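Turn these sequences into a full structure, and let the hints guide you.
Protein chains in written order, with our numbering: chain A, 1 to 130; chain B, 1 to 415.
Bear in mind the hints are in silico, worked out from the structure with no lab data behind them.
It should be emphasised that the depicted structure is a prediction, and the values quoted were computed from it without experimental measurement.
No residue lacks a Cβ here, since even glycine has one placed at the ideal position from N, Cα and C.
Hints may be right or wrong, so weigh each one.
Here are some, though not all, of the chain A residues that point toward chain B, as calculated from beta-carbon distances under 10 Å [stated by the list, open to error]:
1. Y13
2. D32
3. P34
4. G61
5. C62
6. R104
7. L105
8. Y120
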Amino acid sequence: MDDLYREQIIDRYKRPQMRGVLEPHDYTYEDDNPLCGDRIRIDVRVDESGHIHEAAFSGQGCAISQASADLLTESIIGKSVEEVKAVGKEQVLDLLGIELGPVRLKCALLSLKVLKAGLYGMEALEEELI
Amino acid sequence: MAQPSQVMVADADRVRAEFPILGRETRPGVPLVYLDSAATSQKPRKVIDAMTQFYERQNANIHRGVYQLAEEATQAHESARARIAQFIGARSPREIVFTRNTTEAINLVAHSWGRSSLVRGDVILLTEMEHHSNLVPWQMLAAERDLRLEFVPIAEDGRLDLEAYGALLELRPRLVGFAHMSNMLGTINPAKEITELAHQAGALVLLDAAQSVPHLPVHAADLDVDFLAFSGHKMCGPTGIGVLYGRESLLEAMPPFLGGGDMIKRVHLREFVPNEIPFKFEAGTPAIAEAIGLGAAVDFLCEIGMQSVLAHEQSLVAYAMQRLEEVPGLRLYGPEADERGGVTSFTMQGIHPHDVAQILDQHGVAVRAGHHCAMPIHERYGIPASTRASYYLYNTLADVDRLIEGLNQACEIFG
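In structure tokens:
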């Protein structure tokens with residue numbers, strides 16, 4: 001019955017492929033959605049040519065947020081940092097394959113927000129400013 | 001406690017028929033099961049009609065015009081105030097200040113009484129189970145005035161730790177502010193006892209009655225509280241109208257809150273003379289139709305009787321707690337049924353509250369998922385969020401059964 005809870009999402013939530021922490025990493029960022037308590041961190045390692053060769057996510061939250069992080073992290077392996085910076089919300093929603101209302105959209109897109117903030121160097125910026 | 005069937009509001013179908021929205025389906029073929037009344041209640045026909053009637057027959061500004069329409073509007077507005085005063089056991093309508101909601105009422109106390117009475121180092125004593133509306137105004141004032149905030153802890157069973165409260169009173173707080181009923185745990189706090197102890201320690205008392213006035217008999221003078229705040233929209237009334245009850249002598253001594261029309265007696269270019277209470281605190285054209293709607297809501301609740309409303313909800317919550325315990329991996333927060341109102345908040349092993357709420361929505365069951373504007377309670381229990389089902393006079397045992405069916409399906413999907 002539940003379109004939102006298609007097998008893929010439940011499966012990714014229960015058995016994520018990309019869960020973990022990379023230390024050291026080239027890029028990392030962590031953020032949360034205080035409204036629902038979803039929290040995601042994404043770590044990325046890049047090779048000499050600027051392509052992502054390892055990525056992992058960690059955190060906790062609802063099935064949509066965690067499945068989205070798992071699918072997104074998997075999808076960026078082998079892509080260049082510049083390519084991933086250009087990933088838009090439509091691509092994440094395509095990965096999930098479901099229609100979402102405005103509240104759940106925030107859950108689904110938290111991982112993209114975290115990934116992009118990492119690649120744009122938010123962490124370094126925060127360290128510099130705070 | 002009596003069996004559910006004996007104390008349910010006499011005729012649940014008759015009560016439900018008063019609420020037009022309960023006749024709708026969530027989606028085609030899926031009837032609505034509304035279990036989010038702690039956020040806002042549904043509105044009976046009587047309230048909707050009273051507001052429509054006002055706009056169609058009596059609309060005019062109040063306290064100003066000398067024409068028939070304006071006099072009728074003023075009379076309807078002030079009659080609502082008088083009925084609300086009686087409903088909550090105020091000594092006089094002069095003690096009823098209309099605000100937008102509970103939040104604004106508490107902000108009024110913080111701005112007016114707080115700023116004129118509190119000095120650096122003064123202690124405000126709150127509790128860990130407060131809604132954000134009874135935390136943030138005091139945090140803001142504390143930062144401005146260098147006040148000290150202290151908190152009565154929550155015991156493991158979801159009740160306030162009254163022993164710790166006794167010890168905290170030795171700090172000689174100027175104000176004790178607490179929720180009559182927790183919007184997350186459902187705990188009904190012993191307001192009279194807490195108030196008496198506060199007064200013995202020389203503190204004033206502010207009661208956040210947002211969850212109690214809609215659900216149980218509340219008598220301000222009997223409780224002996226100094227301030228009491230509640231919202232219309234949680235008690236079958238409209239949004240945009242709330243009440244601050246204040247002891248008359250205190251309101252008289254307090255400076256105005258917002259400045260403008262209606263709150264003044266006379267205005268010169270460089271000075272003004274404030275109006276009498278309660279108008280002194282009601283600047284600008286108020287929410288007239290909403291006050292009239294709240295008056296109608298009070299009439300509606302009086303016809304049913306608040307004792308019946310409470311009994312109905314306690315029987316529902318006792319049944320709900322018993323059924324919720326059957327759901328695998330479910331953890332329920334808060335005290336036993338006889339010390340709580342119609343609120344059940346819970347978490348489920350391995351399923352985030354958002355997912356629970358979404359699956360329930362597929363069954364037409366509307367619940368709240370998140371922190372319910374009470375983040376510190378969730379921190380206290382070490383959880384990021386919870387799912388809350390809350391009950392009101394129009395809910396039935398069948399609604400609880402639908403909730404349990406949905407939760408069992410969530411277990412299947414995520415199992």
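Hint check:
Hint on Y13 of chain A holds. Least Cβ distance to chain B is approximately 8 Å, under the 10 Å limit. Interface hint at D32 of chain A: satisfied, since its Cβ lies 9 Å from the closest Cβ of chain B, which is below the 10 Å cut-off. Because the smallest distance between the Cβ of P34 of chain A and any Cβ of chain B comes to about 8 Å, under 10 Å, the interface hint for this residue holds. Taken as an interface hint, G61 of chain A checks out: its beta carbon lies about 6 Å from the nearest beta carbon of chain B, inside 10 Å.
A least Cβ separation of about 4 Å between C62 of chain A and chain B falls short of the 10 Å threshold, and the interface hint therefore holds. This hint holds: R104 of chain A has a C-beta 7 Å from the nearest C-beta of chain B, less than the 10 Å allowed. Hint on L105 of chain A is violated. Least Cβ distance to chain B is approximately 12 Å, over the 10 Å limit. Of the supplied interface hints, the one on Y120 of chain A is violated, with its beta-carbon coming no nearer than about 27 Å to a beta-carbon of chain B, more than 10 Å.
Hint violations for this structure: numbers 7, 8, all remaining hints satisfied.
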